Amino acid sequence: MQPFLFDRADSVTEALRAAPDATVVAGGTNLVDYMRLGVVSPKHLVDINGLSQETAALGRITLDHQGLRLGALVRMAEAEDHPGIRARYPVLADSLALAASRQIRTMASLGGNLLQRTRCEYFREASWPCNKRRPGSGCAALDGLNRQHAVLGTSDACIATYPGDMAQALLVLDAQVELTGPRGVRLVPVAKVHRQPGTTPYLETTLAPDELITALVVPASPWSWRSRYVKVRDRRSYAFALASAAVALDLESGRVKQARIALGGVATVPWRAEAAEAALVGKPLDEGAARVAADAAFAGARTRAHNAFKVPLGQEVLVQALLQAGALQPPPPTSRNGVTHA
Amino acid sequence: MPDRSQSGTVNRRHFLAAVGGAAAGGAATLPSPGDAATALAAEAAEARDPRALHTVTLTVNGQDHRLSLDARASLLDTLRDRLGLTGTKKGCDHGQCGACTVLVDGRRELSCLRLAVMAQGHQVTTIEGLAPAPDTLHPMQQAFIDQDAFQCGYCTPGQILSAVACVKEGHAGDDDQIREYMSGNVCRCAAYPNIIAAIRQAKTEMEA
Ligand SMILES: Cc1cc2nc3c(=O)[nH]c(=O)nc-3n(C[C@H](O)[C@H](O)[C@H](O)COP(=O)(O)OP(=O)(O)OC[C@H]3O[C@@H](n4cnc5c(N)ncnc54)[C@H](O)[C@@H]3O)c2cc1C
Ligand code: SF4
Ligand code: FES
Ligand code: FES
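Sequence order for the protein chains is A and B.
For the record, in the first sequence the residue sitting at position 68 is 1501 according to my numbering, with numbers rising by one throughout.
For the record, in the second sequence the residue sitting at position 206 is 261 according to my numbering, with numbers rising by one throughout.
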C-alpha cells in the first residue's frame, strides 16, 4: 500500500473542500482492500464517518408516508434489520441480507455499497492488462477465465460485472441518489449513476469528483411490498451473485399492471430489463408469461468462452423471482403505513 | 455543471495522470478550475508528508493505548504487532475469511479492513478481553471447549467473537439462521456442526 495523507472530515463542507483531490472512505471494506492490492493508490484519504455526528441525516433511516430516506452512512446491517423496510420494501432488505457477510454488512455503508468496484480477477491483480485499471492496456478477461463476467452491457474494452446487490433493488423501487456538491444538492435516478464501459471502462459513474452521496431516496409506492430479490451463488452464502434478479410487481386480479425488473451478476452495471417489463404488462402472471419475459431480458446477451451458462441461469433466476413475488401476501396495514425510526 | 464524466472513485488528478491526453478518447472533459479554497486546501495537502505518523488513542479491552501509527496500518496488524494481542488472527487480509473478527462498540467487524487510524473513539474487544474476569471464560469460550468446536484453532477467536455478536443480534434462532449469520467465518477444518452446537449451548446461558 502506498503512503497517503489521512484526514477526518467533521462537516460536509470540509469533506467537499477536500473532495476533488481526495478519496473519501466510509466503511473501507472495498477501498482498503483495493488499496492493499495496489489497484488504487489515493494520495489523500478523507474519513467521512464523522459526518453522521454533524448532520445525523447521513446516519439516519427515515420511513414515512412519503417513502424511505437512507443516509449514505447508514450501515447495510442497520437497513437489513429495519422492520419497516422489511415490510414495505422486502426486495431491499433481502438484497442486503443476501450480500457479503454480517461482519462486512456491519461495517459497510450504503453509499459505499452503491459505488463498490468490480471483482474482476484481472482488475484485482495489478499485474494483468486491464482497461479499467490501466486505460489502454487491454482486457485480460476477454480471452481469459471469464466465468464470472458479464453478458449484458459489455464492450470490446471491458466485460466486468457490477458486483453489488442493493443497486438492483433500488432500481426496481425507482430510487434516487442524493448528491451534494459545492454547487448544491441534486437528485439522480439510481439508473443514471453507473456508466456502461463502452470505450472508457475507467469512467464508472456520473458523479462529479467533488460530489458526495448524502442519501438514497426511495419513494412510497402502493405495491413496493410485492417485491423480491433472488440470488444464485457458487455457495449458499457469503459470495457474489452469479445471477440475481430484483422484481417489483403491480398486480390487479392476477394480471400485471406494471413491472420493474433488474438483473445482477450478469451485467456491467445495475441492469434494468425494460423489454422484460414490457413483455409482462397486461398478462396474467404465470410461468409462461415469466418465461417470455426472461427470454426478452437476455435477448441482447453476448457471451464469451466461459460465461454462456449465465443466460439460462439468469433466466431461471428471473422466472423464480417473478413467481415468488406473485405469491407474496400484503403485510398487515399497520406496517404498510410505516413509522419514522430514528 | 462541470466535469461529470468522471468516476466518483478515481479522483480527477489521478485520472488525468493515468490517462494522459490521447488515450482518454472523446469522453473525458477537462476539469473545471477549483475555487480558491479548494486550491489552497490542495496546496496545503501537497506540503504535508504522507509518511508522517498519526497519534491515535485506541481503546482495546477497556484500556487506552496512545500510539504513533502509519495511516496504512490495519487494526489487525496494530493489535497483533503493536499491542501484542495475537489472539486475533490473519487469514486472508482481504475480508474473505473472518479470522480477524473483533467487536467494535459491541458489533462484529473485520479488523483487516479497518484502518487503525479509523478505530479511534471506538471500544475494541478482542478474544483476550472477552472473559468477564481474569482466569474465567465467557460462556461462548466454554461452549467451544465443551462442544469440541475446533481442530487447529486458527479460526476460533474470530468464530467466538462473531458468535457472541450473532447471539446478541438475535440471529441465532435456529441452525439455519446460525449457519447463514456465521457464514462470514470460514473454518478450514470444517468444525461447523460443533460450532453450531457451541452457539446453541452458549445462547441458552447468555440469555439466562
Ligand atoms: C469478501 C467480500 C464479499 C462481499 N460480498 C458482497 C456481496 O455478496 N454483495 C454485495 O453487494 N457486496 C459485497 N461485498 C462488497 C461490500 O458490500 C462493499 O465493499 C461495501 O458495501 C462498500 O461499502 P463501504 O462503506 O465499506 O465503502 P468504502 O470501501 O468506504 O468505499 C467504496 C467506494 O465508494 C466511495 N464512497 C464511499 N462513500 C461515499 C459517499 N458517501 N459519497 C461518495 N463516494 C463514496 C469511496 O471513495 C470508494 O471509492 C463484499 C465485500 C467483500 C470484501
Ligand atoms: S473485464 Fe474490465 S475490469 Fe476485467 S480485465 Fe477486462 S477491462 Fe479490466
Ligand atoms: S483476515 Fe480479515 S477477513 Fe480474513
Ligand atoms: S479449527 Fe481449524 S480452521 Fe477452524
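Read the hints as simulated data drawn from the structure, not as lab findings.
There could be a bad hint or two in this list.
Quick list of the computed label-pair ranges, beta carbon to beta carbon [what the hints assert, rightly or not]:
#1 A/Glu1707 <-> B/Gly117: 20 to 28 Å
#2 A/Pro1763 <-> B/Arg106: 34 to 42 Å
#3 A/Asp1589 <-> B/Arg121: 37 to 45 Å
#4 A/Asp1667 <-> B/Asp230: 16 to 24 Å
#5 B/Gly117 <-> A/Ser1474: 15 to 23 Å
#6 A/Ser1474 <-> B/Lys145: 20 to 28 Å
Sample of chain A residues with no beta-carbon within 10 Å of chain B, all distances over it, derived [unchecked claim]:
#7 Asp1466
#8 Ala1510
#9 Ser1534
#10 Arg1535
#11 Arg1705
#12 Ala1734
#13 Arg1735
#14 Ala1741
Stretches of chain B that chain A covers, calculated by requiring three or more beta carbons in the stretch to come under 8 Å of a beta carbon on chain A [stated by the list, open to error]:
#15 114 to 123
#16 188 to 201
What you are looking at is a predicted structure, and each value in this text was computed from that prediction instead of being measured.
We put the beta carbon where it would ideally sit given N, CA and C, even for glycine.
Checked hints:
For the pair A/Glu1707 and B/Gly117, the supplied restraint of 20 to 28 Å is violated, since their beta-carbon distance comes to about 56 Å. Look at A/Pro1763 against B/Arg106: about 59 Å separates their beta carbons, and that is not inside 34 to 42 Å. A beta carbon spacing of about 55 Å between A/Asp1589 and B/Arg121 contradicts the range 37 to 45 Å that was offered as a hint. Between A/Asp1667 and B/Asp230 the beta carbon distance is about 22 Å. The supplied range of 16 to 24 Å therefore holds.
Between B/Gly117 and A/Ser1474 the beta carbons are some 36 Å apart, a value that contradicts the proposed interval 15 to 23 Å. The supplied range of 20 to 28 Å is met by A/Ser1474 and B/Lys145, whose beta-carbon atoms lie about 22 Å from each other. Non-interface call for A/Asp1466 relative to chain B: violated, since the shortest CB-CB distance, roughly 5 Å, does not exceed 10 Å. Non-interface call for A/Ala1510 relative to chain B: violated, since the shortest CB-CB distance, roughly 8 Å, does not exceed 10 Å.
Once the 10 Å rule is applied to beta carbons, A/Ser1534 is inconsistent with being away from chain B; the minimum gap is 3 Å. For A/Arg1535, the condition that its CB be more than 10 Å from all CB atoms of chain B is violated, with the nearest at approximately 5 Å. For A/Arg1705, the shortest C-beta to C-beta distance to chain B comes to about 20 Å, beyond the 10 Å cut-off, and the non-interface label holds. With a minimum CB-CB distance of about 25 Å to chain B, A/Ala1734 clears the 10 Å threshold, and the non-interface call stands.
At the 10 Å boundary, the C-beta of A/Arg1735 stays outside the reach of chain B, the nearest C-beta of that chain being 21 Å off. With a least beta-carbon separation of about 27 Å from chain B, A/Ala1741 lies farther than 10 Å from that chain, consistent with its non-interface assignment. For a cut-off of 8 Å, the count of residues in the stretch 114 to 123 of chain B with a CB near a CB of chain A stands at 0, and the three-residue condition is violated. Requiring three or more residues with a Cβ within less than 8 Å of a Cβ of chain A, the coverage given for the stretch 188 to 201 of chain B is violated, as only 0 such residues are present.
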